Structures are given as C-alpha cells and as structure tokens.
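Chemist: One-letter residues, chain by chain:
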Amino acid sequence: MSSGVLRKLAGLLVLALVITYPLIPGLNDKIESMLGKKIGDSFPTIFIYGILALALNVVVGYTGLLHLGIAAFFGIGAFTTGILTVGQYPFQFGFLPVLVVSTMAAALLGGILCVPTLRLRGDYLALVTLGFGLITVTALRNLQEITGGMQTLNPIPPPKIPEILRCPLESLGLTMSWTEDYRLFYYLTLGYLLLVFVFLRNLEHSRLGRAWVALREDELAATCMGLNAARLKLLAFTLAAGLAGMAGSLYATKMTNTTEPTRFDFQLSCTILSCLILGGLGNRTGVLLGVFLVAGYDFLFAPAADAWLQRNDMNPNDKGYLKFSMWNLMIFGLALVLMMRFRSSGLLPKRRGTTTGKGA
Amino acid sequence: MTGLTGLVFASADTQFFINICITGLTTGFLYALIALGYTMVYGIVELINFAHGDLFMLGCFFALTLGGAVMALTGSPMATIALMLLATPVFCAFLNMLVDLTVYKALRTAPKLAPLVSAIGVSFVFMNIGLFWGGSQDVNFPGLIEERNLLAEDSGLQFTTTDLLVILVTAPVMIGLTIFVKSTSLGKAMRATAQNPVAAQLMGINVNRVIAATFLIGGALAGIASVIYGLKIKTIGYQMGFQNGLYAFTAAVLGGIGNIPGAVLGAIVIGMVYSLASAYIDARWATAMVFVILITILVFRPTGLLGARTREKV
Amino acid sequence: MNRLILAALAVAGLILPAVRAEDKKFEGPTSGTIKIVSSLPRTGSAKGQTDTIVNGIKLALEEEGNKVGDFKIVYEDLDDATAAAGQWDAQKETSNANQARDDADVMVYIGTYNSGAAKISMPILNKAGILMVSPANTSPSLTKPNFGEKDEPTRYRPSGKVNYFRVVPTDDVQGPVAAHWAKSMKIKSVYVLDDNEVYGKGIADLFRGECEGLKLKVLGQESIDVKAQEFKALMQKIKALKPGLIYFGGTTQTKAGQLAKDMVAAGITAPLMVPDGCYEQSMIESAGADVLNGRCYVTFGGLPPTELAKKGGKGKAFVDAYEKKFGKIPDEAYAVYGYECAKVALEAIRKAGVKNREAIVAAAGKLKKFEGALGTWSFDVNGDTDLKMMSGSKVVDGKFVFEKILEIKD
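Protein chains in written order, with my numbering: chain Z, 1 to 360; chain H, 1001 to 1314; chain S, 2001 to 2410.
Watch out, some of these pointers could steer you wrong.
[To be verified] Straight-line C-alpha distance at most 25 Å; calculated SDA-like pairs for lysine to any residue:
| # | chain 1 | residue 1 | chain 2 | residue 2 |
| --- | --- | --- | --- | --- |
| 1 | S | 2368 | S | 2397 |
| 2 | H | 1112 | Z | 235 |
| 3 | S | 2314 | S | 2408 |
| 4 | S | 2227 | Z | 144 |
| 5 | S | 2067 | Z | 313 |
| 6 | S | 2161 | Z | 235 |
| 7 | H | 1112 | Z | 92 |
| 8 | S | 2328 | Z | 157 |
| 9 | H | 1112 | Z | 116 |
| 10 | Z | 323 | S | 2380 |
| 11 | H | 1105 | H | 1195 |
| 12 | S | 2035 | Z | 318 |
| 13 | S | 2369 | S | 2380 |
| 14 | S | 2314 | S | 2075 |
| 15 | Z | 30 | S | 2380 |
| 16 | S | 2186 | S | 2244 |
| 17 | S | 2394 | S | 2405 |
| 18 | S | 2127 | Z | 159 |
| 19 | S | 2368 | S | 2069 |
| 20 | S | 2394 | S | 2312 |
| 21 | H | 1105 | Z | 342 |
| 22 | S | 2394 | H | 1147 |
| 23 | S | 2188 | S | 2069 |
| 24 | S | 2150 | Z | 157 |
| 25 | H | 1105 | Z | 338 |
Hints in this document: simulated from the structure, not taken from any laboratory. None of these values were measured; they are calculated from a predicted model.
With the rest of the complex left out, here is chain Z (with noise of 0.2 Å):
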C-alpha cells in the first residue's frame, strides 16, 4: 500500500515537474548554457515518442503480440498530415482536422493490416508487421506524385491558436510565435501526450483492458470464458496504428516537413521498442521512463555531450568513437540484451493486479 503511495507522489511530482519546467524563468536558458546546446526544441520530439511508445505499447504491453512495423504507421499519420496541409495540395486545413484524419488515416490501414494476420501468431505475426513496415516506406518513398518521395513535403505550417487561449497563454508569458517559443509545442505535445495516457489509463481498467490482458495471459482460456479473440486483437492493432498516426502528425507538424520516408523504418519500430522493453512493458509510466532515457540519448544528452567535446577541442580528428552519437546502436542493444536476461520486466515493472482491478 505505502509503495503505491510513494508511486504515485512520485509520478506527481514529476508531472509538476515536467509542467512547469519551461515556466521557472531561466531555468531553461541556464541549463542551456551550461550545456552549450539549445536542448527546449527536443522535448516536444521526446513527448511525440511518448505518445508513439505508448501506442506500441498497447500492442506488445496489453495483448503480448509482438509489432515490429509501429513505425510504418507514425509515417502514414506524418505524410497524411503533409498532404493535407501543404501548399502543394487544395486541402490546407487546420490542425485539428488533420490531426483526426491522419489519427483515422493510420487506424484504417492498422485494421486492415490485421485482418489476414488474425490467424498468425508468435513470430510470423512479428515478421508480417515488419515486412508491411518495410513495404509502407518503399511506398512513401516510391511514390512521390503524392508524398513527395525523398524530397519530403515541406513546409506544414504550425496550428492556428485560437483566440480564447491566447489570453492565457499570454499571461503564462509565453510568445505566440510558435517558431521563436519552444513552449508553445511543449505544452501542445504534453497536453496530447496526457491526453494519451489518461485514456489509456481508463481503458486498462475497462473490460476491454482486461479482456486484453486475459489474452495475453492464455488465449485458450480467454476464448474458452467467451472472449473473441480476433476481435479483441483487431482493437488493439488498430488502436495501436491510430495513436501512431496520430504521434506522426504531430511530428511532421513539429517538424514543419514530413521528413524522409525512410525515417519511419524499421531501426526506429526497434528503438520504440527497445523503450518499451527498457522501461516496463504494459506499464504505462515506465514506458515513458524508457522513452525519456532512450530518446534523452538521442536527443538530449549525446548532443550536448559532443558539442562539449568539440568547444574544448577534446575531438581534434573527428574519431567516430569518441562520439557518443556513434555509441547508441550498442547502448541499446546492451540494453535489450541485459534486460532481457536480468530483469525481463523492465525498470518499472508493471505491477500485478493493477489491471485487473483495484485489489492490489
């Protein structure tokens, strides 16, 4: 009981802390300039990987099947967004549309992916999955009549805000310039990213949820009290490539651009996973624990630590090794490795009982 107490103080703690973070005036300039790095641009990037963790979670966390193309569909809701948005195309319309077609866009595709693959299971599942992510880029790249191919589509323009918020907003000091405040799509991906993850908290605790969990656990017997399996799978796949969709639009709405089709392949289904796997798989926070160490790598910290080593001079020749961006490849698959062998349940397990109820 205490332990769960603690949990969630400390998961509050760190909502407040992420909440205000940009607001204490100068905390954000100060640690930039201790790093020697512009670092407010990666949040919202790291929150969109939270929200695309999350979706990969509802996959491989609640129902146990393992998605290898979640990428795929972060690359449909990116290039959806693009095409409904760019000056290429009559559609210019406003975010929040966009934001639900490529949502719907992305869950479509998810459905429709699932239904032959119903049948599979274990491993090959896994394979189809790859192999339609594989196939989603060769398309977005191959096909640039409509998306652009490597050439992207570019620039989307950032969301109108409307005016009721801007007082507000503009009290909190911030700027309504969305290209000169970093806040404004930190609080724009945070807001979805706990958007995400309070619906995701309900749903666990839904009799869809649990129903997910009791297929997970043994499908035989899941089928046997009455469960629909095909069903049940069906959801969470298109779920899953809904929320990706979703995170993609966001993305290429961050960005400004689509970036390049192959962005959305499998290396990057692989990172989310290894997320996943790093923080707890099924359990919502410590995915995003994950997602915060993975993508801080990434983003965050190996940035910051080579540019430090170029100021001082540290790197004269420009040696690969002694870049920490070249080290991540190994870091995260020490990671898997480790993980799997010594605490296969990751850094926060999930906890049992929570999602069946609130006994525990």
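Start from chain Z and add chains H and S according to the hints.
Modeler: Relative to chain Z, chains H and S alone:
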C-alpha cells in the same frame, strides 16, 4: 520518367531473359547460404535469429581486413581468396556460438519474446561494431577476381567468373550439408532435437551440444556467404546485414522453415523474383515485392513450399 | 500566362522590399560575439568533401583574425547527417536550423551541402531572417521559378525576402553543359539514371531535356532504389539497349559507386557521366579506381584546385594559404566554396556593421562585384551567383584529372 520504365523488348529478348535468370540464380545461391543459418537455428531452438544478418555483415568486414593484410603480404589473389574462405567461416562460427552461450542459452525456457528481443539487441551491437570497423559509408571490397564473361560475347549471354565462383563454392557446401544432416550421428541428433528436444534428451542426446553445433554450422555458412558476397557484389557497409538477413529469412520461410532443401529452393525463388522484378517491372519496387510474397506465404501457407504441416509446438 | 504574371509578381515582391530596405537604418549592438554555424554532412562518405569545406571556412575566418570590427566571430560546425542514414537527414537538418534560429548570437548559417536538405532548412531560416549561404547546393528550384513545383521557390521564402544565397553555379547550367559535352564526344545515345532526390532527379531531368534538344537519343530514364545493394538486373536491361553513354544524376552517397561496378560487371563498355555530387575522392574509393579508370566523366561548377592555382590571383592565394595551413592543397573541389561562403559572411557582417540579422541579410543582398577566390562576381535578385564557370574532369588512375573548361551555351 514513368513512361520509360516499362518493358524492354530488345531484339534478343530471350537472351535478356536468360541473363536475368542467371543473375537471379547466383543471387539466390548467395541468399541460400545465409538462409541455411536461419533455418537450422529456427528448426532447433525456434528463434528468429535477427542477429544472423549482422553476423554475416561482420564476416564481410573480417574478410576485407584479412584480405587486405594477406594481399599486402603475398600479393596473390588466389591465396588471399583461399585464406578468406578458410578463416572467415571460423570467425563467424565462433562468434555465433559465443553469442548463443552468453545470450540465448540462459533464455531457453523464457517466454519466446525474450530471446527474440535479445537477438534484436545483439543485432544492434553487431551493427555498432560494424560501424566502427568500416565507417558509416559504403566500403569498396576489392575485386580480386577479374570480372570476365565466360561465354562468347556474340552469344549475347553472360556468365561471368564471379558467377562461376558463387556456384563452385555454394553448391558443394549445400550438398555436403545435406549429407551431413542426413547421415552423420550429429546430423541425426540435430533432426531429433528439432523434432522434440525433450524426447531427444531422454534418448541420451546432449541437446546443448547439438544447439552449439547448430550455431557453429550456421555461423560458418554465413562466413562463407560473406566472402562470396564481397567478391561478387564488391560493396559492403554496416547496414547491409539487416536487408540481406531479411531476404534470407524470407527465403527460409518460403521454403518451409526448418527445412534445409526448402531454404535453398526459397532463396533461389527470392533471387529470381528480385531480378525479374528489377528488370521487367520497376527496380524500385523489387524489395517491396519480396515482402509481399513473404506476407502472402505467411498468411496462406505458413509452412512454406516444402514444409510439412506439423503440429504447432506449445 | 498565369505563370508569367506570378513570376513577375514574385520578382516584384522580392525587389520592392529590397528597394525600401536601402533607406532603412538597422539598429543593434556594434560589438560582442557573432556566431557563424555550418550545417554539412559530417558523417558518411561526404565527410572527405565536407572536411575541406570546413577547412576552407576556418581558413577564411582565421585570415580575418576571427573578428570583424569589434565583433568576435565564433564558428560552430554542425553535422546534418546521421550514421544510420550515411547521408543528410531531414530531422537532423531541421534541428540544426532550429538551433540556429533559437540562438540569438547566430547571424550566418553556412549550408547546406545537399539541395534536399536546403529545402528543409530554408523556410525555417527565412522566417528567422538568418543569412544562409550555401557552398554546394546546385538545384535551381531552390531559387529560380519555373524549375520545380509552381509554388517554388516562394514556398521557401515565407517572409517574402531573400535570405538564401549561394556561391556555386546551378544545375540549369550544369545539366545542359553535360549534354553538350557528351555531344562533343560524338556520343549518339544516352541512358539516364537518377537517385530520385531533389538534386539528382533535378539535374538528370535537365540533362535529358538538353539531350532531346540536341537530338541526342535518350533511350530511357529511370530512378534507382538507393537502398538496393546491387543493380545487376538493371544493368542487363541497359546493356540490351546499347547506349553510347550512361548518365547518373546523383551523389556518391546514393550509390554512384555501385552503379559503376555493376556496369562493368555487366560488360557495358560505354562511359559513365556524373555531376558534381560525385566529384569527390570517396566516389573513386567506393567504386574502385580500376572500375572508373578512363571511363568516368564528371562535370563541376568552377575550377578544380589545381587549375585554380594555375589561374593566379586570389584563387592561387587561397590554394597556397590552404596548403600552408593544412599541409596539402585542397584534395576536394568544394574547399574553395566553403572559403568563399565564409568570406561572403564576413563581408556582409562588415557592411552591416551591427549585430542584426535583417541588416546582415540586406548587406549580403547588396554584394556586387565581390572579389573572391572564385573571381569577381555578384549575387542576382534570386540570390544566385552570376559566375557561370563549368569544368569537366575524367577519372584517370584513381584521380580526377581536369579535362577542359566547358562552354556555356545560352
């Protein structure tokens, strides 16, 4: 541009077709060597060894480094090739066995996800080693064999020295492997373990030794593939493992995973599909087509072309 | 017709603010630190080339004692490539541009190397009003209307002003010149390949267009899959068509080396022609010197270092100073463009006299008759150099050997 990528009707389109088939066949033979490593490991421990492709990649870098040193010492391309063909398989075999001992062995009884995720982890580690070994750019693998058409140029057909090399090396290896698995006692033990590890153990088979031997043989085959690949394709890079591994794994699944002749057949089909699609449809979609085939097979005939319908292990 | 009006409006829109800016007085500090950043692919096979560009930049800054007036000049070398991609990466380029935008000390952004990368950072830096000078982008669609989509290049100038300049001649010169060169070699037919990227596809299309005008038979054009490992089947297909020359619009990073190898393996004896994106030593390394020997032609905007030194003047002075500082003459051709970019940046800061992004951009736009290592040249209204020098080289014994200066046909 799109209008011009259609079919090519040269005056000698049959010759062209045959040339494409030769290209596809040699590519297929190469994938077969890698596919055998997947299929044997999967057959015995039911693990998709994601790191196998990257093991092959490290083999390429080993061959390149070794080849460079031997070439500088002896100056003889033949001696260099011979040494590479001897040492690279040994390197890959022991590396593969080492990974099994340190990583997979402890996870034999763990849920299936654990060894699979570990394999992805090992593949990342291998890639990072490859990145430091060869850098992030494509690396040229010197053409130690002069590329020469063995058929008369006016026949319009092309079968080059490196094509011959591929066939000369891979065919005996595959025949030897088939005989080994069919008739030696270790081969029999392997088949027994694949069918039922518990029963095999009860019959007095040292299952751990059999698994280690499987990883050794699979690694050695990947090592041979590394040398052949380097000499034939002539470009290596730290990211090559993933794609080649995936093609090879697709081949193994296509042929019926766990089935040795099946893997070879599957690899030849994949090589052919890739070449024909590149030549007759659009090279940019060739990779996608290979995966469409993979998915179709997995969905409609998960046991592959030659795989027997066995009871699923639970 | 509509297009004409649009183009006219665009040009007017560009000129008008510039005219008004003549009278504008800019304010800002007249001393302190000014940061110049460069964003170039520092990982992957372009590294050899970008090393010399960075050296060129460092040399230019050092010659001025790392200061302009009372400003201290600080230089930071950003990488827009990742090891995973092996070449430039849109996310990395976006984050570099954002970093420059957010750092109030950054006044000049030297970059990019790849035209595709420029398309990413141009709108961001344009909004921020930072002076962007590219040493190597050659795609005309970045600055000139009627080359790309109909909203190019206005798409890259959301503020309506020109902040992007380049010191290198563009592909609307290079592509056609390559076609004329092929024609002068008595070549009858060509097969065109490209890598489907902004730069590669753009120049391949321009090359092909000129070939058709010159009645050089174009047997086909095809985009390659840059993720493929080999192109044997593709080369068999091309061989059956018996082209007199194969043109590849692409870079070393997009498999130029592998194409050359598979050409030879398929028994194609026709020569290969490539644009400046392959004009780097790593191209020869990746293909193998014997594969390219005597059969690979490359076009390049400007003169290679050896010729530059022969020409005398500031060009020779640059090559000598480079040799003195780094122990050898620049082994890649773009070094001088890096040097020239930095010189332009310093000159713009000097002319502006204040630490104000807008002032520095305006000062750069007014650079006329600039006497640099490349010769005397000016920026036109689009931000392009009016220098149009093209040279052709050939690979001989593992080296690019200068062949001739290519005439520019208007």
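Chemist: Compare the structure with each hint and give your call.
Modeler: A quick look at each hint next to the structure:
| no. | hint | result |
| --- | --- | --- |
| 1 | S/2368 <-> S/2397 | violated (41 Å) |
| 2 | H/1112 <-> Z/235 | holds (23 Å) |
| 3 | S/2314 <-> S/2408 | holds (23 Å) |
| 4 | S/2227 <-> Z/144 | holds (16 Å) |
| 5 | S/2067 <-> Z/313 | holds (20 Å) |
| 6 | S/2161 <-> Z/235 | violated (50 Å) |
| 7 | H/1112 <-> Z/92 | violated (46 Å) |
| 8 | S/2328 <-> Z/157 | violated (47 Å) |
| 9 | H/1112 <-> Z/116 | holds (22 Å) |
| 10 | Z/323 <-> S/2380 | violated (41 Å) |
| 11 | H/1105 <-> H/1195 | holds (19 Å) |
| 12 | S/2035 <-> Z/318 | holds (21 Å) |
| 13 | S/2369 <-> S/2380 | holds (11 Å) |
| 14 | S/2314 <-> S/2075 | holds (23 Å) |
| 15 | Z/30 <-> S/2380 | violated (42 Å) |
| 16 | S/2186 <-> S/2244 | holds (9 Å) |
| 17 | S/2394 <-> S/2405 | holds (12 Å) |
| 18 | S/2127 <-> Z/159 | holds (16 Å) |
| 19 | S/2368 <-> S/2069 | holds (21 Å) |
| 20 | S/2394 <-> S/2312 | holds (23 Å) |
| 21 | H/1105 <-> Z/342 | holds (13 Å) |
| 22 | S/2394 <-> H/1147 | holds (23 Å) |
| 23 | S/2188 <-> S/2069 | violated (58 Å) |
| 24 | S/2150 <-> Z/157 | holds (18 Å) |
| 25 | H/1105 <-> Z/338 | holds (13 Å) |
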